[in-house]
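*Asks:* Protein sequence lines, in the order shown, are assigned to chains W and Y. For reference, each letter of the first sequence is one residue, going 1 to 375 in the working numbering. For reference, each letter of the second sequence is one residue, going 1 to 162 in the working numbering.
Source of the hints: derived by calculation from the structure; they are not laboratory data. Glycine included, every Cβ here is placed at the ideal spot set by N, Cα and C. Among the hints, erroneous ones may be present.
Derived Cβ-Cβ restraints for the label pairs, each shown as a range [stated by the list, open to error]:
no.: 1; chain 1: Y; residue 1: Trp29; chain 2: W; residue 2: Ala254; range: 39 to 47 Å
no.: 2; chain 1: W; residue 1: Val45; chain 2: Y; residue 2: Leu133; range: 19 to 27 Å
no.: 3; chain 1: W; residue 1: Ala85; chain 2: Y; residue 2: Leu137; range: 27 to 35 Å
no.: 4; chain 1: Y; residue 1: Gly28; chain 2: W; residue 2: Arg42; range: 19 to 27 Å
Not the full set, but computed from the structure, chain Y residues with beta-carbon under 8 Å of chain W [unchecked claim]:
no.: 5; residue: Ala14
no.: 6; residue: Val15
no.: 7; residue: Leu19
no.: 8; residue: Leu26
no.: 9; residue: Ala53
no.: 10; residue: Ala54
no.: 11; residue: Phe57
no.: 12; residue: Ser65
no.: 13; residue: Pro68
no.: 14; residue: Leu71
If you want the footprint, here are the derived chain W segments under chain Y, 3+ residues with CB under 8 Å [stated by the list, open to error]:
no.: 15; segment: 42-49
no.: 16; segment: 79-86
no.: 17; segment: 101-113
no.: 18; segment: 193-199
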Amino acid sequence: MARLGNSNNRLDGTVLIVCAVLSVIALVLPAQVRQPIASGLRRSVLAPFLSLQKRAEGSRRALEGHDAVIDQRDSVSIRAMSVSALAAENTRLRDLLGLGSRLKWGFVPAEALHGRGSQDEFGVTLSAGSRAGVVKLSPVVAPEGLVGVVDNVDPSISHAMVWTHPDFRVSAMSEDASAFGIVQAHLESGPGRYLLEMRGVPFRTSIRRGTLIVSSGLGGVYPRGIPIGRVLGETKTAESWARTYLIRPAVFPADVYAVMVLLPDRASAGVDNVWAVGAISDSSVRKIVIAGDSLARSAALAEATARQAAQDSATRDSLRKAGVPESLIVPPVAPAPPIRRPAVRSDTTRRDTTHTAAVKHALPARDSAAVSHAP
Amino acid sequence: MTLSGSVRAVITFAVLVLLHFTLRPLLGWRASIDFLLLAVLTAAVRVRPAGAAAIGFIVGMVGDSLAPDSLGAGALAMLLVAYLASWLKAVFFADSLPLNAMFFFVGKWLFDIIYFIAEHHLTGIDLVQQLFLWSPLSAAATAIAGVLVLLVMRPLFEPSSA
Numbered sequence: 001m002a003r004l005g006n007s008n009n010r011l012d013g014t015v016l017i018v019c020a021v022l023s024v025i026a027l028v029l030p031a032q033v034r035q036p037i038a039s040g041l042r043r044s045v046l047a048p049f050l051s052l053q054k055r056a057e058g059s060r061r062a063l064e065g066h067d068a069v070i071d072q073r074d075s076v077s078i079r080a081m082s083v084s085a086l087a088a089e090n091t092r093l094r095d096l097l098g099l100g101s102r103l104k105w106g107f108v109p110a111e112a113l114h115g116r117g118s119q120d121e122f123g124v125t126l127s128a129g130s131r132a133g134v135v136k137l138s139p140v141v142a143p144e145g146l147v148g149v150v151d152n153v154d155p156s157i158s159h160a161m162v163w164t165h166p167d168f169r170v171s172a173m174s175e176d177a178s179a180f181g182i183v184q185a186h187l188e189s190g191p192g193r194y195l196l197e198m199r200g201v202p203f204r205t206s207i208r209r210g211t212l213i214v215s216s217g218l219g220g221v222y223p224r225g226i227p228i229g230r231v232l233g234e235t236k237t238a239e240s241w242a243r244t245y246l247i248r249p250a251v252f253p254a255d256v257y258a259v260m261v262l263l264p265d266r267a268s269a270g271v272d273n274v275w276a277v278g279a280i281s282d283s284s285v286r287k288i289v290i291a292g293d294s295l296a297r298s299a300a301l302a303e304a305t306a307r308q309a310a311q312d313s314a315t316r317d318s319l320r321k322a323g324v325p326e327s328l329i330v331p332p333v334a335p336a337p338p339i340r341r342p343a344v345r346s347d348t349t350r351r352d353t354t355h356t357a358a359v360k361h362a363l364p365a366r367d368s369a370a371v372s373h374a375p
Numbered sequence: 001m002t003l004s005g006s007v008r009a010v011i012t013f014a015v016l017v018l019l020h021f022t023l024r025p026l027l028g029w030r031a032s033i034d035f036l037l038l039a040v041l042t043a044a045v046r047v048r049p050a051g052a053a054a055i056g057f058i059v060g061m062v063g064d065s066l067a068p069d070s071l072g073a074g075a076l077a078m079l080l081v082a083y084l085a086s087w088l089k090a091v092f093f094a095d096s097l098p099l100n101a102m103f104f105f106v107g108k109w110l111f112d113i114i115y116f117i118a119e120h121h122l123t124g125i126d127l128v129q130q131l132f133l134w135s136p137l138s139a140a141a142t143a144i145a146g147v148l149v150l151l152v153m154r155p156l157f158e159p160s161s162a
């Protein structure tokens, strides 16, 4: 029994020593020998376990990344929500840059600081003052059109009366200068409060819905050609001698955060063609279309003339063959030159010019009178 | 050891090896639980020291194959710990969870000491930090896991009434 125990102990010791020696040999083996042994074990015994380990680690990474993914998704959602506002602001700033490049000189860019009070819907504070050259009665414009007029100037800031003010007046005309009037806020409660009205339009003159109304330049405060709004329709008033039109304003002061203040020199020099880019391109497109039509018409006319000449020639030949005397045969007529109508009616041009000039002389300085009542 | 006892021991061993390759990477702790060592220890106390040494050597070599630069270090550490565990099986068989936890703790810590010294990769302050900070933490985690395994698998470890 004791011998069995001794042999077992000897066996235990032998196995321990053999395993320990093998382990030490494995430790001191060169890398070229160790690598194949390790690789063989990994590919055979360990392969299924390594597959399990890979999946477990993948699961852990997914769990760890879950919160980060959620955070990232939330951030993206928040950013996506602000994208439309940023895009709108970007567009507004681009428009403002475009307006600045078209004005070229004589303006001061300013931020419109909106107040919180109930009376603040009638005015805005501008971040530019007399140090920047702003003076009282300087027109305040935005890329879309007229915003208001400066009514109070401090060295570093100023205050502008916007068109919603009950005392605001601007002498205006239709884009084609066929109708003139005075634009002011539509003093009505309800949604119509944020519209303009054009008063004093002569009864014989009617303005179509959608017509652009611009400042007429009469009165000396606002230069000619600043968009004010578009005609929505005629509204009935007690005045039977003149028409009054409702106008949808081009600019809503509450949405304006950056404006341009026109300096006196610029205002007196005029802002012709600054807001006329759309009109110019429209008229260019119209002219190109008309020119194309003219070419097509000329080609069709030439073809018809040639066909007519061929028919006439055949008729004359048959008459000659039939023995009709040469004197009775009508000689061929030279084709008439194509009638070309001018792309723009000359009478329209003449009428506009005449009308504008006539009205300019006839009407007094109207918007200045209105503005002089401003506080 | 009876046949049923052997089967139970093999099942326990297989479960612990599976946990080593599934639960341990899932937890991803810096002080990780060494389920392989638990498997070797639970097997070692059921066999003779020679068998325990062989089991430790084989499991250690397989584990070392994942780090070929230290091939043999894990095998050496594992076989020594397994041999000692089998030699001290009388203590192990004591039905005391704190004592078993202590043995798992000491076994893991001893394994790490032998492994990191034999591996010869860590030196100086890194070795000290590993042996006296991370290894005890890992040993504690292993001991707690070992106790939980003993609690869960107690029916398997109890001798059959038949």
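*Asks:* Please go over all the hints and tell whether each is borne out by the structure.
*Replies:* Hint check results:
1. Y:Trp29 to W:Ala254: 39 to 47 Å: At roughly 58 Å between Cβ atoms, Ala254 of chain W and Trp29 of chain Y fall outside 39 to 47 Å, so the hint is violated.
2. W:Val45 to Y:Leu133: 19 to 27 Å: violated (32 Å)
3. W:Ala85 to Y:Leu137: 27 to 35 Å: With Cβ atoms ~51 Å apart, the hint is violated.
4. Y:Gly28 to W:Arg42: 19 to 27 Å: With Cβ atoms ~21 Å apart, the hint holds.
5. Ala14: Not OK, violated: Ala14 of chain Y not within 8 Å of chain W, min 11 Å.
6. Val15: Where the cut-off is 8 Å and the nearest Cβ of chain W is about 13 Å from Val15 of chain Y, the hint is violated.
7. Leu19: violated (10 Å)
8. Leu26: holds (5 Å)
9. Ala53: holds (5 Å)
10. Ala54: Holds. Min distance 6 Å.
11. Phe57: With a closest approach of 4 Å, the Phe57 of chain Y hint holds.
12. Ser65: Holds. Min distance 4 Å.
13. Pro68: This interface hint holds because 4 Å falls under the 8 Å limit.
14. Leu71: holds (5 Å)
15. 42-49: holds (count 4)
16. 79-86: violated (count 0)
17. 101-113: Coverage by chain Y is violated here, the residue count being 0 at a Cβ distance below 8 Å.
18. 193-199: n = 0 at 8 Å, threshold three: violated.
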